[in-house]
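If you want the numbering used here, it's the position in the sequence shown, counting the first as 1, plus 4.
Check the hints yourself; a few may be wrong.
Label-pair distances were calculated between CB atoms; the ranges are [claimed, not checked]: (1) 350 - 308: 21 to 27 Å; (2) 195 - 124: 29 to 35 Å; (3) 44 - 85: 45 to 51 Å; (4) 47 - 156: 38 to 44 Å; (5) 311 - 421: 54 to 60 Å; (6) 397 - 348: 44 to 50 Å; (7) 308 - 75: 40 to 46 Å.
Listed next, the in silico DSSO-like pairs over lysine-lysine satisfying Cα-Cα at most 30 Å (straight line) [unchecked claim]: (8) 64 - 250; (9) 176 - 250; (10) 176 - 101; (11) 64 - 101.
Calculated directly from the structure, the hints in this document are not laboratory data. Ideal placement from N, C-alpha and C gives every residue a C-beta, glycine not left out.
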Amino acid sequence: MTNRTVLGLCIGMALLVMVPPVLGAGDITGWGRNNENQTAVPTGTFSQISCGAYHSVGLKIDGTIACWGSDTYGQSTPQNGAWTQVVAGNFHTVGLKTDGTLAAWGAQWSQQTNIPLTGTYTRIAAGKDHSLALESNGTIACWGADHYGQATSPAGVYTNIAAGGYHSVALKSDGTAVAWGQSFYGQTVVPAGTFSQIDAGIYHTVALATDGTIVCWGSDYYGQCTPPAGTYVQVAAGGYHSLAVKADGTVVAWGLNSEGQSTPPSQAMTAVAAGLYHSLGLHGVTGACCESAGCTISTQDACTAVGGNWLGDGTLCSACPTDPTGACCVGSTCSTTTESACVASGGTWLGDGVDCSFCTSTGACCVENGCALTTSTDCAALGGTFLGSGTTCATCATPPSTGACCVASGCLATTDADCTSLGGTWMGVGTPCAGCVANLTGPCCVTSGCVDTDETDCTALGGAWLGVGGDCVNCSQTTRGACCVVSGCTLTSDSVCTALGGTFLGIGSVCLTCPATCPGDVDGNGVINITDLIYVVNAFGTICP
């Protein structure tokens with residue numbers, strides 16, 4: 005068997021069902037083998053496309069037919085007239101006129117163009133060397149090659165038909181499929197299920213299940229019968245490859261790719277057709293419409309009407325800017341939506357990929373000076389007490405009361421506990437900072453006695469500051485004690501006593517505990533001399549405690 009005796013196939017029938025004339029109308033793109041210009045598509049606006057072995061056909065929106073590619077047998081020389089459908093067989097073409105009558109042209113060796121029928125029809129299909137037509141009453145008429153019974157149709161009422169290499173397939177009104185003809189590869193062994201569209205290749209059949217998934221049966225030598233997962237809106241079976249269109253216009257192909265027939269371009273399509281080694285796609289007035297809630301394939305007018313951003317003819321949804329989705333909290337409810345849609349609804353968007361459980365995981369977080377609605381993790385970071393998911397701030401205890409806290413550097417409004425930890429003086433609940441001592445002074449115990457000053461100046465004097473509002477009477481119990489020197493005893497600090505060469509008996513000690521000394525020997529060197537006199541002169545007039 006040579007290439008020229010193998011089916012190209014037709015899916016024009018399927019396109020008539022799946023593609024509305026207005027939405028589907030547009031330009032044609034071709035890919036794959038082009039040795040006879042079968043992918044060199046003409047200009048114009050088309051509503052249907054179909055592929056043969058080495059030629060292609062299309063129905064224009066004005067009802068005329070265009071053919072291109074090989075014309076060895078006249079298969080690309082259409083007849084005149086007004087048409088509603090056109091399909092391409094291996095080397096012949098069949099057309100359905102607007103009055104329901106049939107016409108065929110091209111190869112004639114198996115009588116595939118010799119239509120022995122009268123009456124009116126609603127669907128047509130062309131296989132390798134045989135053709136099918138669906139009568140107005142739902143019965144199927146066949147003509148052409150019948151070596152395997154492919155042109156001997158079963159009785160019954162049907163809604164759709166497809167012709168393969170040496171077999172034929174039809175859909176009943178209940179969605180189940182029936183197949184007849186050659187079954188060397190199981191191409192007539194129809195699986196259970198209901199279908200909305202069918203198409204037949206040389207040795208395999210592709211069907212679109214009513215749930216949008218793809219089912220294949222027959223030869224799978226090149227993987228043409230191993231469809232991808234997902235949901236689709238249209239399928240097509242080629243010689244040894246298959247095609248499908250997603251709702252967003254993306255085209256997916258599988259099977260033999262020797263001529264690039266399974267490498268579709270990256271543009272949105274409304275319908276596809278598969279030939280022997282080439283493929284066609286119909287695209288045009290539709291493209292990606294980017295909206296806040298997602299993306300759809302629609303016309304520019306339809307996109308504008310819903311406030312979307314239309315990206316242009318043939319564009320895919322993958323070209324829309326990414327709008328991440330995540331949990332959107334609106335009051336006590338949550339939904340998973342895009343960030344822009346969440347903001348538009350007045351909700352709080354929790355981030356890309358975050359699920360709704362985070363909306364219900366927030367609760368009251370009691371902190372020292374109030375309450376916040378947050379998660380347990382964030383509450384812990386705030387140092388608060390998390391009361392549980394779904395709780396409200398009303399369940400938090402009354403926050404501690406605040407008042408004036410007088411500290412060395414000024415005044416703070418805080419709680420009693422915090423004021424104590426700062427070393428300040430708390431003036432009571434609700435008190436203003438004006439209640440603090442104006443100059444913030446207090447007793448400063450120095451060697452010579454006690455002075456009233458602030459903490460900074462006291463530190464500069466080397467004294468001990470007793471705090472705002474303290475009493476000088478506490479100085480003797482704070483820094484001074486008995487200092488025993490040779491000449492006697494003096495009350496001073498430990499550091500001064502050391503400078504005098506004396507013995508400091510401890511804070512609060514008295515001179516009575518010092519041992520007896522030589523009277524007049526102030527510096528304790530054992531000799532009463534001028535040095536002792538200088539000490540006395542310098543201390544003259546000092547009032548001893």
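Against the structure, the hints:
A C-beta distance of roughly 25 Å is found between residue 350 and residue 308, which places it inside the suggested range of 21 to 27 Å. Between residue 195 and residue 124 the Cβ separation comes to about 33 Å, which falls inside the hinted range of 29 to 35 Å. Checked against the hint of 45 to 51 Å, the C-beta distance between residue 44 and residue 85 comes to roughly 25 Å, which is inconsistent with it. The supplied range of 38 to 44 Å is met by residue 47 and residue 156, whose beta-carbon atoms lie about 41 Å from each other.
Evaluation of the 54 to 60 Å hint for residue 311 and residue 421 yields a pass: the beta carbon distance comes to about 57 Å. Checked against the hint of 44 to 50 Å, the C-beta distance between residue 397 and residue 348 comes to roughly 28 Å, which is inconsistent with it. The given range of 40 to 46 Å is respected by residue 308 and residue 75, whose C-beta atoms sit roughly 43 Å from each other. A C-alpha spacing of about 24 Å is found between residue 64 and residue 250, which places the hinted pair at or below 30 Å, so the restraint holds.
A hinted pair counts as satisfied when its Cα atoms are at most 30 Å apart, and residue 176 with residue 250 qualifies at roughly 24 Å. With a CA separation close to 24 Å, the supplied pair residue 176 and residue 101 stays within the 30 Å bound. Restraint check for residue 64 and residue 101: the C-alpha separation of about 13 Å stays at or below 30 Å, so the hint holds.
Hint compliance for this structure: hints 3 and 6 are not met, and every other hint is.
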